[in-house]
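Chain Y: place on chain D using the hints.
Number of protein chains: 2
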Amino acid sequence: MRALIADLPASRIREVADAGLGRSDVLAFWFGESDEITPVPVRDAAVTSIEAGETFYSPNLGLPELRAALAAQVSRLHAPPVPIGPERVAVTSSGVSALMLAQQALVEAGDEVVVVVPVWPNLAAQPAILGARVRRVSLQPGAGGVWSLDLDALLAAVTPATRVLIVNAPNNPTGWTMSRAEQQALLAHCRRTGTWIVADEVYERLHYPQDPPPAGSGEAARLCAPSFLDIAAPDDRLIVIHSFSKSFLMTGWRLGSLIAPEALMPHIAKLIEFNTSCAPVFVQRAGLAALAAAPEAVPALQSRLRLCRDTLVDALQALPRVEVARPDGAMYAFLRIEGEPDSLALARRLVAEHGLGLAPGSAFGPEGEGWLRWCFASRQPQRLLAGVDRLAQALAL
Amino acid sequence: MRALIADLPASRIREVADAGLGRSDVLAFWFGESDEITPVPVRDAAVTSIEAGETFYSPNLGLPELRAALAAQVSRLHAPPVPIGPERVAVTSSGVSALMLAQQALVEAGDEVVVVVPVWPNLAAQPAILGARVRRVSLQPGAGGVWSLDLDALLAAVTPATRVLIVNAPNNPTGWTMSRAEQQALLAHCRRTGTWIVADEVYERLHYPQDPPPAGSGEAARLCAPSFLDIAAPDDRLIVIHSFSKSFLMTGWRLGSLIAPEALMPHIAKLIEFNTSCAPVFVQRAGLAALAAAPEAVPALQSRLRLCRDTLVDALQALPRVEVARPDGAMYAFLRIEGEPDSLALARRLVAEHGLGLAPGSAFGPEGEGWLRWCFASRQPQRLLAGVDRLAQALAL
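Same order as they appear, the protein sequences are chains D and Y.
What the first sequence shows, in UniProt numbering, is residues 1 to 397, in sequence order.
What the second sequence shows, in UniProt numbering, is residues 1 to 397, in sequence order.
Excised from the complex, chain D in its bound form:
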C-alpha cells in the first residue's frame, strides 16, 4: 500500500477509548458527540420515508426540496450580499464527506495547502491523501487558556503558491471563534493570492456570545457565529461546509452539505457520484424535518449547551493546576494541567485509574500537546460534575 497512507496517524482518541473498552464505569467525554438521542420528529420523518418505500437512489446533489430548505436557512441566518439559491447547495453523505469532496475538487498532488491548527485531524489528513504538501499555522494559547489567531502569521503563510486555506471556526478542539475582522482580512488576502478558502463551519450554531439575544426573539432563532457566507460574493473562491451532526444531534445519520460557487456544482455532482453517489432519501427526509424544527430546537440546544459549558468550566476553573477558558463556540473545553506535558499518557491514566474519558490534545496535532479536550454536550450537567470529581481525585494523588 502507499507509504503515505500507512504513515497517517491513527486516531489517538480511539487509542484512549480502546483502553476503556468493555468498562461500563467510564464517564466518557472523548468523542465529539452529544449523549442526546436525535429528537423524535426527526426520527419519525425517516421512519415514514422508509415505510413509504423511499429506498431508491437520490439525485447526486440531493433532493431538490432539501437543497431549497438548506439555501433558505443559510440565507436567513447570514443575509449574504446575494441570496444563496439551491443551485449552490450540495447534500453530502456527512460533513467529512463534503470536506473530502472540496479537497478532491481543488487539490492536485504537490499543491500547497495551509491548515489552521490545532484542529480535528481529518482536515489535515484529507489533502495529504491527495498528495498535497500541508503547512500548519498554529493558533496560540494565551492568558487563561484562551486560544487566538496570529493573523499576521497566517497572512504571511498564505501566498500565491497556496492552493487552499482550510479554516475550522468555531474550532474543534480549542473553541476559537473567528471574528468578522479576521474573516474580512483573510477573504481580501485570499482574493489577492488566488487561494481557495475551505471553511469548516459545522459548529456555527453552537455559539455562546457574551451578551446573548433574549430567549424567544428572532435574533435568538438566528444566532450563529460569524461566517464567510456573511461577506463573500457568489463567485468568491469559497466552499463552506455544514453538517447536521452537531446542531441537530444527528451524528449517526451521516448527513452534511456544502455551499460553493455555482460554476463548481456540476463538478461537485460528479465527485459525489464517484465517492458515495448520494445520501439515502430517508436520511434526507430526516434532515428536512430537522430544518423545519430548527427555529425552536436550535435555540433550546444552545441554551442547554451554554449551561453545560458554564457548569463544566466553572468547576474546572475551581481546581488547582487546571487552566481552561470559557469557549465562545463549539462544544469542547480545552484544558491543560500544570506538570502534565504528555497528554496521551495523562488521558490513558485518567481512563485506566479514574474512569474518566477525555481526548488527548495531541490527537489534534503537536500544537495541542499538553492539553485535553472535554466534550460538554450532555443531557445531564450533573454527569459533567461527576467527571470533574474524578479529575479532582486524580489531581489530588
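Hints are supplied without guarantee of correctness; some may be wrong.
Short derived list, chain D residues pointing at chain Y, Cβ under 10 Å [unchecked claim]:
#1 14
#2 56
#3 344
To spell it out: a stretch of chain D is covered by chain Y in this simulated footprint if at least three of its residues, at any positions, have a beta carbon under 8 Å from a beta carbon of chain Y; those stretches are [stated by the list, open to error]:
#4 37-45
#5 88-100
#6 113-120
#7 251-261
#8 363-375
Label pairs and their computed distance ranges (CB to CB) [what the hints assert, rightly or not]:
#9 87/Y - 23/D: 19 to 27 Å
#10 395/Y - 295/D: 54 to 62 Å
#11 148/Y - 65/D: 42 to 50 Å
Hints are computed from structural coordinates only; laboratory data are not their basis.
Built from N, CA and C at the ideal position, the CB exists for glycine as well.
Below, chain Y without anything else, positioned relative to chain D:
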C-alpha cells in the same frame, strides 16, 4: 478548480435521463437499479433501530456483528483456502465508497492503473481523481453480441509498472462473467508483477448459469459467480468489493463492504474516518436483516431476474437489426442496432420520440459506443415487453 476534475465526463446516462425529466410516460430502464422496494423485514430492522435511538456514531469499520455476518456469508459462499474472519471485513458507506477507499489506499499520483472496460464509469474515474494514469483494456464483442476477455492482451498490459488492476465481473454493462481459469491466470500473473487486484464483485449473486442448481437446494442458496475469494490466499494483494445494493434491493441505503488482507485493515479504518467516518447504525441493522434473509431471498431474486432476462432477451432477439446476447451475470442486456453507431443520439431519440429510457453504451467508455444498456431488474416482466414494443416501433420508422 483542478482541470482534471473539470474534464471528467459527466454521466451520459444522467444526460439522457434529464431529457425525459418531468415526463410520466417514459418507461425507464436506464439506471442500474431494480424497481422493487427494499423488502419489509429489512426496512423493519432499520425502523426498529431508529425507534430504539441508535443515532450515534458506529465504529469506523462497522458494527462487529455485521462484520462477523459478512465474514460468515463470504466463507459460506466461497469456501476460500483459509476462512475469512471479521478482521478482514470493513463496512462502508456504499460499494462505490469501498472502491474509492481501495484506490486511496493503493494509488499515488503518477501510478499506472489498468481497468478492464467497457465498465461503470466510476471505476476509471476514481484513480484519475487521485492523479493516476489509467490504461483501458477492452473486452471484445463477438458473434451474437457476446463480450469476452482477450486474456493475453490483459496479461500483456499488466506489468511490474502496474500498481492496480481493476476488474468488474460480472460486468456492468456487458454481463461478461469471468471464468475460474481467467481468474487463476490473472492472480498468478499479478503475483509475479506485484500488482494489486481490486475486484468489483457487487453482481456476484446475480448469476445465471446454463444449468442452475435445483430450486430449494443448498447449491441454489450458495449460487454465485466465480470470485477471486475462491482462490486467493489471505495475504494476496487483493481487495474485493461488495454491496448490498443489487442482491438485496438496497440501492438507496448506501451500504457496501470490502475484504482486504488483514495488514491493511487499520489503514482502511483511518481512510473510512477521513471519508465518511462510518455508515449509520440503523442502515447496518438493515444490512444484518438482509443477510439473515439471504438464503431464501437471494435465490428468489435470482429466479425473478432470470425470468426478466429471458423475457427481455427473447423479445429483443426477435427484432430485426438487433444484436444482443443472453448474459450470464449482472442485470443488463447490452445490445446494438444495425445502422445506429451513435448511442447517445439514439438514446436521446428513444426517450424523446418513443418514451423508452435506455443508457447509451458510450456512458461506459468509447469501447461501448454503438451499444445500449437495458436494465432488466423489474417486478413486472410485462413492463420489459412494453419497452420492447416501443423499441420495435422506433425501428419500424
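Comparing the hints with the structure gives:
Given the 10 Å rule on beta carbons, the hint for residue 14/D holds: about 8 Å separates it from the nearest Cβ of chain Y. Taken as an interface hint, residue 56/D checks out: its beta carbon lies about 5 Å from the nearest beta carbon of chain Y, inside 10 Å. With 10 Å as the threshold, the beta carbon of residue 344/D stays out of range of chain Y, its nearest partner Cβ sitting at about 17 Å, so the hint is violated. Judged by the Cβ-Cβ criterion of 8 Å, the segment 37-45 of chain D is covered by chain Y as claimed, because 3 of its residues qualify and three suffice.
With 5 residues bearing a CB less than 8 Å from a CB of chain Y, the segment 88-100 of chain D meets the requirement of three and the coverage assertion stands. For the segment 113-120 of chain D, the stated coverage by chain Y is violated: 0 residues have a C-beta nearer than 8 Å to a C-beta of that chain, whereas at least 3 were required. By the rule of at least three residues with a Cβ nearer than 8 Å to a Cβ of chain Y, the coverage given for the segment 251-261 of chain D holds, with 4 such residues. Three residues within the 8 Å Cβ limit are the bar, and the segment 363-375 of chain D against chain Y gives 0, so the coverage statement is violated.
A C-beta distance of roughly 22 Å is found between residue 87/Y and residue 23/D, which places it inside the suggested range of 19 to 27 Å. One distance hint, 54 to 62 Å for the beta-carbon pair residue 395/Y and residue 295/D, holds here, with the actual separation near 57 Å. The given range of 42 to 50 Å is respected by residue 148/Y and residue 65/D, whose C-beta atoms sit roughly 46 Å from each other.
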